[in-house]
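Participant: Listed below are the residues making up each chain.
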Amino acid sequence: MLPGFHLTLGFTLFYLGLIVLIPLSAVFWKTTTLSWTDFWHTITQPMALASYRLTFGTSFLAALVNAFFGLIVTWVLVRYDFFGKKIVDALVDLPFALPTAVAGITLASLYGQNGWIGRLLVPFGIHVANSQFGIFIALTFIGLPFIVRTVQPILEDLDPELEEAAASLGANRWQVFWRVILPMLTPALLTGFALAFARALGEYGSVIFIAGNIPMKTQITPVLIMGELDMFDYARATALAVVMLVVSFVLLLVINLLQWWTNRYNTTNLA
Amino acid sequence: MSVEVKNVIKKFGRFMALDNVSLKVESGELVALLGPSGSGKTTLLRTIAGLEFPDNPGAAQVLFYGEDVTSIPASERKAGFAFQHYALFRHLSVFENIAFGLRVRPKATRPPETAIRSRVDKLLQLIQLEPLATRFPSQLSGGQRQRVALARALAVEPKVLLLDEPFGALDAKVRKELRRWLRQLHDEIHITTLFVTHDQEEALEVADRVAILRAGRIEQIGTPDEIYDRPASPFVYDFLGNVNLFSGRVKDGSVVIGETEFALSEKTGELDIDAVAFVRPHDIRITRATGDQKTFPARVLRSNAAGPLANLELERLDGGGSFTVQLSKEEFLLLQPKAGEQVFVALKNVRVFSEDYSI
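Heads up: the protein sequence lines correspond to chains A and B, in order.
Under this note's numbering, the residues of the first sequence are numbered 1 to 271, in order.
Under this note's numbering, the residues of the second sequence are numbered 1001 to 1359, in order.
These are calculated hints, taken from the structure and not from any lab test.
Just so we're clear, the structure is a prediction, and the values are computed from it rather than from any experiment.
The beta carbon of each residue, even a glycine, is placed where N, CA and C say it ideally should be.
Heads up, a few of these hints could be off.
Here are a few chain A residues that sit away from chain B, every Cβ distance over 10 Å (derived from the structure) [what the hints assert, rightly or not]:
#1 Gly84
#2 Ala101
#3 Thr106
#4 Ser131
#5 Pro153
#6 Lys217
#7 Glu228
Derived DEER-like restraints, expressed as beta-carbon distance ranges [stated by the list, open to error]:
#8 Glu1026(B) <-> Leu158(A): 53 to 59 Å
#9 Asp81(A) <-> Glu1026(B): 41 to 47 Å
#10 Asp81(A) <-> Ala1169(B): 27 to 33 Å
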């Protein structure tokens, strides 16, 4: 073990304090300027409750769908060689790099009633723009790289002998994937899921352009918070933010515990 | 009844891994595939397992007890395979690793849960790891992991057991224990077994027969005694132990080294050619006086007497180069050779190989 534990731990705490804890505690502190009844009223008003359901619901769904399709993308990128593979690989990172407003505007114009894709969907009664489905599309778009980039290195390092061993024991391809490969990828998949989920919860820029922000229907919590800020009601804005923070923290903690549990076989200290 | 490979050719790019290899392993036999790295021994093992397929499917054949399995994939071949680095499923406990092959069977042939349990328990007993059934592979030592890998392969009652450098990743002491254990295990369950190794000592100690591979071909196959005492080629001779080379001339059933004539074990006929004589370090004797033995003079360069055997390096006085000699500790203490001292050297079990014949 390298020396320097105290120094690096001290730095870690200082850094986390400065960058994460102080701003977050300011949110809590600002909230305390509200009375309990005002606070409770703010966070339980029907518009707020609807926005939580929408935000957490679509974020969860988007992360789930990304986990599934992201795994397929990762599989293709790792296991096959094809022309243009490097370009596809680079494309995956694009949602990371693109300003979210640009993404939002692009999605809105594509999926709008007269957009290239929107135009084709309208006859089937599918309206993407100004709908919850549109929010889901935007959140899926920004979440994809998290799954691919967390699962990719694990899949690359997966020993091909494991699959050969499973095959020589009589497992068919489906069983090899289901019983050997997927369990090995699950911890990474959960990490990617947590990252995509967290990212979607806080997403604002890409959603506002496509969601239409109709109260009770397509208004996500961050938009609601922005609305309060526009009215210079900072305390009410932070009260909503506190709810987001606490629920996000609990959900991420649960995912982390789940991830730890699926990865428990990697402990070597049990003698 | 046997596991048989016929005329297998396998190339990787331009590299010839298997060059028309045929091999027959009798039922219940334990055969070692011995060779340097790149000799094709692992490829041959993988071809038998169905993890590689011959490049010449028309001519090549893999037969399990008469049944042609050449084009049958690994998952349907019923060949137990143990990998050098074990390839255990690290997300499954020891118990579940061993049970894997039974659990993936189609419903119709899958044994009931109680039968799986009793079979795995029996195998755990066989590998002496019953108390560790609930551990994960990462909590086991290398030797324990290899035994789990073996039990996992045995659980499906394979027609043949294939082991790829089973002890290659273990330290010397565990290696020796485990190979003795493997021999005992084989004597108990008599499953047809092939194992790959690059360690000649391991092959000679454990196997019923040893196949020596070189550059994708089987150079020689025989019992350990046969290949050690009657190697078919200089390569086999060299590969099975240390060897000294003496250039000389073969003439009428003897070989002339320097000015001294040493008898060969077999007659050569009317030959009279230059040749290289092979002598094992322990087949060389050193004396201070010539006596009536046939000897040639040499000088002691250095000696090392650590361990049960003493190793000496000597140099021919006629400029024919240096060679090594192995003496027992007693011989060494009796003689007490000093560096720089001149001694007389006698050779026995001299063998000569050339392109056209071997003696």
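Participant: So, for every hint listed, does it hold in this structure?
Facilitator: Structure-based check of all given hints:
At the 10 Å boundary, the C-beta of Gly84(A) stays outside the reach of chain B, the nearest C-beta of that chain being 25 Å off. For Ala101(A), the requirement that its beta carbon stay farther than 10 Å from each beta carbon of chain B is met, with the minimum near 42 Å. Listed as a non-interface residue, Thr106(A) keeps its Cβ farther than 10 Å from every Cβ of chain B; the least gap is roughly 41 Å. Look at Ser131(A): its CB is around 41 Å from the nearest CB on chain B, clear of 10 Å, so calling it non-interface holds up.
Listed as a non-interface residue, Pro153(A) keeps its Cβ farther than 10 Å from every Cβ of chain B; the least gap is roughly 17 Å. Every CB of chain B is more than 10 Å from the CB of Lys217(A) (nearest about 44 Å), matching its label as outside the interface. Taking the minimum C-beta to C-beta distance to chain B, about 47 Å, the non-interface status of Glu228(A) holds against the 10 Å cut. Between Glu1026(B) and Leu158(A) the beta carbon distance is about 38 Å. The supplied range of 53 to 59 Å is therefore violated.
The hinted range of 41 to 47 Å is satisfied by Asp81(A) and Glu1026(B), whose Cβ atoms lie roughly 43 Å apart. One distance hint, 27 to 33 Å for the beta-carbon pair Asp81(A) and Ala1169(B), holds here, with the actual separation near 30 Å.
Figure legend: structure checked against the earlier numbered hints; the only hint not met is number 8.
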